[in-house]
Amino acid sequence: MKSILRTVVILALLGVILYPLFWVLGSSLKSQPEMLSNAGVIPESFTPGNYPKGWSHLDTSFGRFFLNSTIVSLLVVVGNALSCLLAAFAFARLRFRGRATWFAVMVGTLLLPGHVLIVPQFIVFRQLDLVGGEFPYLPLILPHFLATEAFFVFLMVQFMRGIPRELDEAAKIDGCTTFGVFRNVILPLSRPALVTTAIFSFIWTWNDFFRQLVYVSDLPKYTVPVALRLFIDSQGQSEIGPMFAMSVLSLLPVFLFFLAFQKMLVEGINTSGLKG
Amino acid sequence: MALTTAPAPLHRAAKGPRIEPRGPRREGLAGYLFLTPWLVGLATITAIPMLMSLVLSFTDYDILSDWSELNWVGFDNYQRMFTEDPTFWHAVQVTVLFAVIATPLKLGAALGVALLLNKAVRGVGLYRSLFYLPSLLGGSVALAIVWVSMFSRDGSFNELLSVFGIAGPGWVNDPDYALGTLILLAIWQFGAPMVIFLAGLKQVPVELYEAASVDGAGAFRKFRSITLPILSPVIFFNLVLETIHGFQGFTSAFVISGGTGGPVDSTLMYTLYLYIKGFTDYEMGYASALAWVFLLAVGLLTVVLFSTGRFWVHYGDER
Amino acid sequence: MSGTPRRRLLATAVAAVLLAPLAACGDDGGEAPAVDSTKPVELSIFWWGGDARAKLTEEALALYTKKHPNVTFKKTWQANQGYFDKLATLTAGNDAPDIFQIDDNFLTEYASRNVTLDLTSYQKSNKLDTSKFPESLWKYGVVDGKLAGVAFGENTQGLVFNKTKLAAAGQPLPTTGMTWEAFVDWAAAATTATKVPGTQDPSADYKAFWIWLRQQNKDLYKDKELGFTAQDVTAWFDLWKGARDRKATPTADVIREGNATDITKQLVVTGKALTSWVWVNQLPELQKNTKDELGVVAYPGDPKAQWARAALYFSVYRGSDKKDVAVDVINFLANDPEVGKVLGTDRGLPPNLDIRASVLGTVTDASMKTSIEVENTLGKTFGPSPQVPLKGHSTLRSELIKAAESVQAGKATPAQAAEAFITAAKSAISK
Chain E
1 MKSILRTVVI LALLGVILYP LFWVLGSSLK SQPEMLSNAG VIPESFTPGN
51 YPKGWSHLDT SFGRFFLNST IVSLLVVVGN ALSCLLAAFA FARLRFRGRA
101 TWFAVMVGTL LLPGHVLIVP QFIVFRQLDL VGGEFPYLPL ILPHFLATEA
151 FFVFLMVQFM RGIPRELDEA AKIDGCTTFG VFRNVILPLS RPALVTTAIF
201 SFIWTWNDFF RQLVYVSDLP KYTVPVALRL FIDSQGQSEI GPMFAMSVLS
251 LLPVFLFFLA FQKMLVEGIN TSGLKG
Chain H
277 MALTTAPAPL HRAAKGPRIE PRGPRREGLA GYLFLTPWLV GLATITAIPM
327 LMSLVLSFTD YDILSDWSEL NWVGFDNYQR MFTEDPTFWH AVQVTVLFAV
377 IATPLKLGAA LGVALLLNKA VRGVGLYRSL FYLPSLLGGS VALAIVWVSM
427 FSRDGSFNEL LSVFGIAGPG WVNDPDYALG TLILLAIWQF GAPMVIFLAG
477 LKQVPVELYE AASVDGAGAF RKFRSITLPI LSPVIFFNLV LETIHGFQGF
527 TSAFVISGGT GGPVDSTLMY TLYLYIKGFT DYEMGYASAL AWVFLLAVGL
577 LTVVLFSTGR FWVHYGDER
Chain F
596 MSGTPRRRLL ATAVAAVLLA PLAACGDDGG EAPAVDSTKP VELSIFWWGG
646 DARAKLTEEA LALYTKKHPN VTFKKTWQAN QGYFDKLATL TAGNDAPDIF
696 QIDDNFLTEY ASRNVTLDLT SYQKSNKLDT SKFPESLWKY GVVDGKLAGV
746 AFGENTQGLV FNKTKLAAAG QPLPTTGMTW EAFVDWAAAA TTATKVPGTQ
796 DPSADYKAFW IWLRQQNKDL YKDKELGFTA QDVTAWFDLW KGARDRKATP
846 TADVIREGNA TDITKQLVVT GKALTSWVWV NQLPELQKNT KDELGVVAYP
896 GDPKAQWARA ALYFSVYRGS DKKDVAVDVI NFLANDPEVG KVLGTDRGLP
946 PNLDIRASVL GTVTDASMKT SIEVENTLGK TFGPSPQVPL KGHSTLRSEL
996 IKAAESVQAG KATPAQAAEA FITAAKSAIS K
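Chains as they are written, first to last, in this note's numbering: chain E, 1 to 276; chain H, 277 to 595; chain F, 596 to 1026.
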């Protein structure tokens, strides 16, 4: 009974929250003049042609943009998960001189508005000779292997600090080295934090427009967010229908990624399992 | 930096009474070993651009001119901000209003839905994903169009209101209401803190609940004495990050106002103003100064949050 | 703000430390390699636009490669959004493309900071041939006496109206040359007859304001100053406040919807007003977005105030090490008849008059034909071009929008808003 009530509440909330997305879906099936005149959800004239039109609208098929975005996003996921986990372990569990200072520096790097860093970062990447070339994504990926996204380091620190220290000590008594504690205690117990990091890394990279715009200059190398904006030229032609169609499609991979990964958040962690 | 006093809990943990089985010296070495990737990233990718922007904030840097044209202007940019730029103060007002209203509401929505979805209901995985969907739109073109369309005079929102006999204004295009739609948009995209709450809830050891049930604790008591304390580091994280995020709120303002902060500057968030100064007015030196003032102000706020955290955040490593 | 030598020195030292290995570029003295028919050259070229423009431009560039097999292109194109952010970032990194597209919003920003190459010497030696250009058109690319960009398309202001709705209500159509007062009367009558506001309120529209100023022998800019006073702005705002009071224009929030520059947001296609203030060459795209038939005339008042505006330009990066080839490419794109056929009217009317004449014969799209005819008719009476907008022009534009919208929303009187606008505009162009 209680669970039915819960389900009803959930469904009602979803109805409200998802309305704009239904609108996007509906708009992806409208013709362009109708898009401007009909503000409702349901299209008057069903125009599924926006999908094939959008897919092959440009010289490069949209499939290629999806592939590019997937490569970049997955590499960022790996980079963030690995490097932030290492740094977080140091901050959360190890004692060393200067830890508090470094931690403050790390939080401090979250605070500077990113727009003043675009030009200096571009210059740094140019100096490192990472801009352009056959694989122009290095400036988008490499920083994530160096734990530069303090958000995730901080996130993991907070999660790790929730793990009872008795577990570390028990492991050490069992003869584990520091790395052993990391490998056998912290790593398995950090799964919720890792899953969260993976989800956000993927989605945020998938949606990131500005940095991808700056570093990728060749149409076949474009990523989904950059390609989506090619439909709308504010002064000239605008293909809103195909743009909506491709926007809907571009939600699918991230949605599926989320659906797959959130499963790992379903089961609670059972610490007793570790000791056995 | 002002933040050195921030992680007080860490200091405390460091001075904690526990005796380690292994010497602290070895751990110090291990600490820096584990920290190496981050330190390399800091030195090359994070710190240099930050320091460059700090230096540039004392110049008249305009992005386009050759670097040899750069002029040192001392504290002029900072002085101008506080004494000659009414738009700066306006942007501060808009931003504070936005952050103060949007942040708690967004966190509340995220925690509420996370608790709702934490219990096993059939199809809970799908529900979670659906609740996250709005956040997937990020700051895309599609979002810009849908939001502006829904909140214009003849948009869906007013259609809904008209059912109740209310004739709504042209929300996004009305200087009195545009910021309100911005706040609504921020709350609507509550997916990120929700997921973090969900992950945090999953970290609560199930045996604690089982033990509490054996002791005859009710749902509310279990929430108060088990869930909240164990969740507190995660709540703290969300509070700090969403506060920073709220003050930095750029995307929604950019999307709704078409990058202008209009109508009549009603959505001119601080970071949007900074972006306009840097990339439209080509006053990147001034924009850099704006950014560093932001860093100091929000940094101070973060320090305050960290120091209150001492009283209500419970860490598993210091119980 | 020219600092004392010592301050300059200090800043330069700081920059040098930060940017040590970045070679300082951009001195005109360095001689670029001459157009050599054997040495392979790759030129980078950057423009914004839709995919139709991309296809045409790529085809045109391929023609150049066909004639000069050693020259190839690294082409980058993207939407308008973010274009100038990226261009600025590339410029800051001394990595700007050899050739880039630019418009009159930003030409002075780039030219006055010496990002663009001065093309005057090429023009004099006829390596860049503008002899077939209308004089006022190429002159609209001259900033501080330097030819900073080559116009690649001409357009002029156009008042686009909804023929279908006006005809259905038995209303007369607007005509070129009607006075502003007559136009407001006409719009008010149209509102009554059709129940749709007769016109978008253009008080936030810099190009309408500009035409109106020119008709009173004022201008938007005069040398390095504003070409108008607070009284002018007040009168302009008052004109439209009167129109709003007579219901000739929509409500403030709808006006704001139409103040966006996007084609798809113009009230004439969203059906929220009967006329929109646009550029003549935008008629075909507007027409694609509505089932109603559209027409176009000049802005109200004396049409002599209109001018041949360069819709956009191509400029050469001053730091490029392939300047001569880059100029040769631009010359080819502007003057080759075959290229002219390929590019068509995508960027506006072709700048070369011979090519323009031959291209116009081949146009089939009805609304494209209309827009060309109107532009050609107006072109006969075009006055001299105004000077290219000053640095800070895009700020001035957004300040005008802000001021006009504050009047429309009832947040300020015309006089107060005018005062605020003048202050902001003066500071925008004086930085």
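In case anyone wonders, no lab produced these hints; they're calculated from the structure. Accuracy of the hints is not assured; some may be wrong.
[Unchecked claim] In silico lysine-lysine, DSS-like type, Cα no more than 25 Å apart, as pairs:
1) H/Lys395 x E/Lys172
2) F/Lys661 x F/Lys760
3) F/Lys741 x F/Lys842
4) F/Lys813 x E/Lys221
5) E/Lys221 x F/Lys650
6) H/Lys498 x E/Lys2
7) F/Lys670 x F/Lys813
8) H/Lys478 x E/Lys221
9) F/Lys836 x F/Lys819
10) F/Lys650 x F/Lys734
11) F/Lys670 x E/Lys53
12) F/Lys734 x E/Lys53
13) F/Lys741 x E/Lys53
14) E/Lys172 x H/Lys498
[Unchecked claim] Partial chain H-side listing against chain E, Cβ under 8 Å, derived:
15) Trp314
16) Gly317
17) Gly492
18) Gly494
19) Ala495
20) Phe499
21) Ser501
22) Ile502
23) Tyr551
[As the list claims (entries may be wrong)] Some chain E residues well away from chain H (every beta-carbon gap over 12 Å; in silico):
24) Thr47
25) Leu74
26) Glu149
27) Gln237
By construction, the Cβ of each residue, glycine as well, lies at the ideal position given by its N, Cα and C atoms.
For each hint, the structure was consulted:
no.	hint	in the structure
1	H/Lys395 x E/Lys172	35 Å, violated
2	F/Lys661 x F/Lys760	50 Å, violated
3	F/Lys741 x F/Lys842	47 Å, violated
4	F/Lys813 x E/Lys221	49 Å, violated
5	E/Lys221 x F/Lys650	17 Å, holds
6	H/Lys498 x E/Lys2	18 Å, holds
7	F/Lys670 x F/Lys813	42 Å, violated
8	H/Lys478 x E/Lys221	39 Å, violated
9	F/Lys836 x F/Lys819	30 Å, violated
10	F/Lys650 x F/Lys734	29 Å, violated
11	F/Lys670 x E/Lys53	24 Å, holds
12	F/Lys734 x E/Lys53	41 Å, violated
13	F/Lys741 x E/Lys53	45 Å, violated
14	E/Lys172 x H/Lys498	32 Å, violated
15	Trp314	4 Å, holds
16	Gly317	3 Å, holds
17	Gly492	19 Å, violated
18	Gly494	14 Å, violated
19	Ala495	10 Å, violated
20	Phe499	15 Å, violated
21	Ser501	16 Å, violated
22	Ile502	12 Å, violated
23	Tyr551	5 Å, holds
24	Thr47	16 Å, holds
25	Leu74	17 Å, holds
26	Glu149	9 Å, violated
27	Gln237	14 Å, holds
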